[in-house]
Amino acid sequence: MPGTQIKAISQTTTHLSRTSTSLCSSTQNIKELLPLMANPLSDQQENDAQRPEQSPSHQKMKRKLIRWVSYIAGDMTAFGKWMKRQFILLQIIDWVLRGAAQVMFVNNPLSGLIIFAGLILQNRWWALNGFVGTLFATISALILCQNRGAIAAGLYGYNGILVGLLMAVFSNAGDWYWWLLFPNIFMSMACPIVSSALASINSRWDLPVFTLPFNILVCLHMVATGHYNHYFPQVLIQPRTSLPNITWSEMDYAKLFRSIPVGIGQVYGCDNPWTGGIFMIALFISSPVTCAHATIGSAIGMVSGLALAAPFENIYFGLWGYNCVLACIAIGGMFYALTWQTHLLAVACAFFCAYLGSAIANVMSNFGLPACTWPFCLSALTFLLITTETKGIYKLPLAKVTYPEKNLIYFWKMKKEERAAKEKKKQEKMQLDSQIKKDEEILVTMEKDKPDICTVAVQEEVDAKRENLTDQM
Amino acid sequence: MPGTQIKAISQTTTHLSRTSTSLCSSTQNIKELLPLMANPLSDQQENDAQRPEQSPSHQKMKRKLIRWVSYIAGDMTAFGKWMKRQFILLQIIDWVLRGAAQVMFVNNPLSGLIIFAGLILQNRWWALNGFVGTLFATISALILCQNRGAIAAGLYGYNGILVGLLMAVFSNAGDWYWWLLFPNIFMSMACPIVSSALASINSRWDLPVFTLPFNILVCLHMVATGHYNHYFPQVLIQPRTSLPNITWSEMDYAKLFRSIPVGIGQVYGCDNPWTGGIFMIALFISSPVTCAHATIGSAIGMVSGLALAAPFENIYFGLWGYNCVLACIAIGGMFYALTWQTHLLAVACAFFCAYLGSAIANVMSNFGLPACTWPFCLSALTFLLITTETKGIYKLPLAKVTYPEKNLIYFWKMKKEERAAKEKKKQEKMQLDSQIKKDEEILVTMEKDKPDICTVAVQEEVDAKRENLTDQM
Amino acid sequence: MPGTQIKAISQTTTHLSRTSTSLCSSTQNIKELLPLMANPLSDQQENDAQRPEQSPSHQKMKRKLIRWVSYIAGDMTAFGKWMKRQFILLQIIDWVLRGAAQVMFVNNPLSGLIIFAGLILQNRWWALNGFVGTLFATISALILCQNRGAIAAGLYGYNGILVGLLMAVFSNAGDWYWWLLFPNIFMSMACPIVSSALASINSRWDLPVFTLPFNILVCLHMVATGHYNHYFPQVLIQPRTSLPNITWSEMDYAKLFRSIPVGIGQVYGCDNPWTGGIFMIALFISSPVTCAHATIGSAIGMVSGLALAAPFENIYFGLWGYNCVLACIAIGGMFYALTWQTHLLAVACAFFCAYLGSAIANVMSNFGLPACTWPFCLSALTFLLITTETKGIYKLPLAKVTYPEKNLIYFWKMKKEERAAKEKKKQEKMQLDSQIKKDEEILVTMEKDKPDICTVAVQEEVDAKRENLTDQM
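Residue numbers (the working numbering), protein chains in the order written: chain A, 1 to 473; chain B, 1001 to 1473; chain C, 2001 to 2473.
In short, the hints are calculated from the structure, not lab data.
Predicted model, so just to flag it, every value in this text is computed and none were measured.
Be a bit skeptical, because a hint or two may be false.
[Said to hold, decoys possible] Which stretches of chain C does chain B cover? Using the computed rule of at least three CB atoms under 8 Å from a CB of chain B, they are:
hint: 1; segment: 2108-2114
hint: 2; segment: 2255-2268
[Said to hold, decoys possible] Quick list of the computed label-pair ranges, beta carbon to beta carbon:
hint: 3; chain 1: B; residue 1: Lys1064; chain 2: A; residue 2: Asp439; range: 28 to 36 Å
hint: 4; chain 1: C; residue 1: Lys2060; chain 2: A; residue 2: Phe182; range: 41 to 49 Å
hint: 5; chain 1: C; residue 1: Lys2438; chain 2: B; residue 2: Gln1431; range: 13 to 21 Å
hint: 6; chain 1: B; residue 1: Ala1420; chain 2: C; residue 2: Leu2432; range: 48 to 56 Å
hint: 7; chain 1: A; residue 1: Ser434; chain 2: B; residue 2: Arg1067; range: 46 to 54 Å
hint: 8; chain 1: C; residue 1: Thr2241; chain 2: A; residue 2: Glu250; range: 32 to 40 Å
hint: 9; chain 1: B; residue 1: Thr1445; chain 2: A; residue 2: Asp439; range: 40 to 48 Å
hint: 10; chain 1: B; residue 1: Arg1240; chain 2: A; residue 2: Asn314; range: 26 to 34 Å
hint: 11; chain 1: A; residue 1: Arg67; chain 2: C; residue 2: Thr2390; range: 34 to 42 Å
Virtual Cβ for every residue (Gly too), placed ideally from N, Cα, C.
Chain A on its own, in the form it takes in the complex (with noise of 0.2 Å):
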């Protein structure tokens, strides 16, 4: 069957292309983008649509800005498809923007120079590995003559840059301790390979992989070394064996509050706060939903925390945040339409992947390992596996998922058809019902004339017709 072997990530990105070639009219970009722009311009748009009676230049000038917002937004396709024309050399460095967004499902160069800035601010040497794990992960990916449009939007470099910044993080060896890149190297080198087992797998569900490579690479590294290893010893993490130190009137509320930055840091492994506030810009500027829900998110660990009596550090260290943030972004719009009801499960995912956090994080100090983001793959996992009977929970063809944004509007338009669709055949239906009554008609006053052999036919018809009819209902 090689049409279900097609793999889950390639697939995500053949739509990517396909738009970009249709994107040379910028008017149907911008059309495409305007919810991006949703929050601050589009309201005032929609009342410039009433108000045609406005200076022309001001409409002018919105329009620039509309386009100029269109560039940087999203996934900037039009950038994309610039680049695919520039040299090689040129499109990998845009590959590698790409991969370190992609962790936070974001598909924008500018976006991961924004977190690559953030990175370097927050350790230098950290950041270094960081490229390394994401150059040679797209490398690896290039000699594995995996998908190029997976490839160039970065799916092959964000389990990368993961690998290359967490073993950096969690080496015991010190910073600038050069022979650390070797092993990062051969990780990065074999994210693509397990990227691609895992995605022959999920692909039977139409399921992404997320950072199940990286887990899976990382969580390897750090066992088979452990921290009693003459070359790349480990951070030691013990299981907690005694009652941990609570007390609610030495809380911190100014740490507390600095905890939802950082949290949506940690997903970086990265506890500075400005750090953290660096990545919610370059989320907002590709897409404010997806903004929105990390911050969500990041609150809902922090409660959750709270709530299961978890020492006041680690909520500060925004340990109990980063997989929320990462299964509420996943959940709220990026594989679901956002709609109320898959808001609602984004929220509830939430606080399972908090719960979920805690138990793993628990169970992986055993081996000396931290949780990574296991809580969050299995969380989002779990919560795209469910099947309901309710409309309001769509989930989106892994071949179509984009960004929030984009998706909402592929949802509305496959709506609308069905609608369309549905209309359409309810009037074809009483068109056939009026007919039908009409031979019928037809039928009671030839019968009443004389009961011929012709009537049989014109009944036969009339109960074809009917036949038919049913069929269609």
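Put chains B and C on the given structure of chain A with help from the hints.
Then chains B and C, alone, in the frame of chain A:
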């Protein structure tokens, strides 16, 4: 492929609703329920059939008895049908009771009521938590728009009751610690989500989800909070680090015998032998075959414990029995049609499950976790995935699974139809054969007379017939 | 979908039985086995073809030698065919021997015999347990009515021999503790059940089950009883809690070199280098490619151990080698057709497997368990799930897998047919093209003469042909 994405749990009950509509005539109902009463009644009845000279009043009384039994035995479809027209709150009570019994694969509200009585006898706080769990799991399934038939069969409730019960059993905060109801409600409301997600996976192999959602969620709660938690501390469970003291002379045979009902009670976390006895009655009402296999399973678990040098306390406490009980029921007539081969398979599965139970208990104790019903789930799923070339082991399609007796009727009917179809084919083949012979004879005579072009046509016809025949074979 | 439910293991051998029937003419057999002798012989043979003036007696001798080699090399199909007419007990011996060799993917009773000799050299008690395991696994498969072809290929025995051997190896009760035979028989009889269940899952991705049943069952037995058990105590395995002492000056190069055959021996749990050497002979007899990859794999494992700062004792003891041996064989020509790309992939897989081996050993030591061959299974399955767009990496359908040399012939034949089909299509296209041109010319001339209704028909014909042509392209 929307057809394959239909949830397994929903499938289980579409049949129920279908059959319930065809049960207007209670005579048919009685026919279907006959095997239920096979143990004490049907033998008599067969004798009756041979003794039509018996007094009509006796016969009438017997028929009345059978009808009366048909109302409370099996899955009480007549009652379920009647319930559909009642007030929604009454319906929910019915669903909750069915959910309580579904832990043992019994779809019968009366059994559920008896089981609740047993729980109250054991511990009222536990029974309350179990009720809350079932109730909220059912409500959550309603909110998530799950299949109404599956909800009505209690298929969303049974994980809820186990979650509620076991969270109370393993809580270290003592009875009547009301805060526990919060995680209880949260976790039982997560049950339908996990059920639905797992069903999406398992349905690919036409497998049920068993109690996997309960296992996942209770382990998640226990390990997320752990023994050292301020709000929700768990019982301390630690791995064995020294040789247990086993002196065969100290064996208490009364306790050993009592471990059989205790093992059945431990399915719901109850160590009271009376509670276990009450559960056996609940099983017997719905399906004697299920009850028999439960007893066999518990005994096998006890024997396995002795064979693997387990501490006597664990065996007396029923910890070796409850997984085997469930595994033996599942394989022995529930998901396989009951033949002597599947009966042996059920015994083998129970032994395998006991072994696996010991293994899982040892592994999970490292994380402070009990074995829950993981051993049952894993061993039963393994044994349901077997493929063989023998006809004695027939796995029922998940949509046709009801209870052992009815499953057996389905199996027999199917076999009968198969045999009839074979017989028909054989006869057709013989007819065709004889006709070919006739044709050939004609041909021979014709060829003798004059080797005409006409014979060629007949020859061709004969050849076509022969080909057709070989195709059919 | 009955078609997809066919077990993977059964598929592997349907081909065997099919080919064995076509082997009446031993000349064909020799042709198929030619690549086997590629290393020392085929070069000579090619030279022979160019030197037909050679003495006929020399040629005759060579042909005799080739035929003789064909009888013992590869999968000994001729012998297998002959065996089918023998007494059942003799057949079972054949199946047991093939099962012993199938651990290394070798379907050859002679290799199995040599392997048993190696085992006896190592430890007679272990060899006995291995034999009992293989025997009962095969018998159990017969009882469970598994596919006869798969049984005859030893595909139900290889897990049995590993279960028997490793249970004896890891038992703490000492050699000749006869009670051990009970769990040994129980566990080896459970092998076909677990195999069949896993095959139901893996066949969905056309993957083999490898030694997963062995891993599951031995871990199950070891953790179910544990070190602190009265009847079946296990060797004490504990996690590392301090830095190992690694002094490069203390390195013993002789032992390091010896670790290569020891690594091959450790596939069967043997640490005797001579035993490992005997196993290499057994591999070489059946398939030199397999033997070469086994050696490469063992060397890679040793190097990886040095790179990851493993204690020298572990490396000398072959613990770093055996998983890489199996992984390298599986990827290098067994399940992928051998090209230089898959050869590199096999090397990469061996490195990945060594890393994974260290990780799994550290994790499992927490439960007192050895790594078994989990690392091999997981890494090989991962590398077999990869999908790429390159033609150099061709995964054989599971039903066509035999041994590297024959797989390669199959691959070449397939490629040749593909190329021929392409060529044919091209020619047809050219023919059609030229004919269209002719038709168009006719049309033009006709139109010149008289624009008749007749030309319309020709025009239509031309259009249809052109459409047909574009469809074909």
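- request: Just pull the numbers of the violated hints for me, sorted ascending.
  value: 1, 2, 3, 4, 5 and 9
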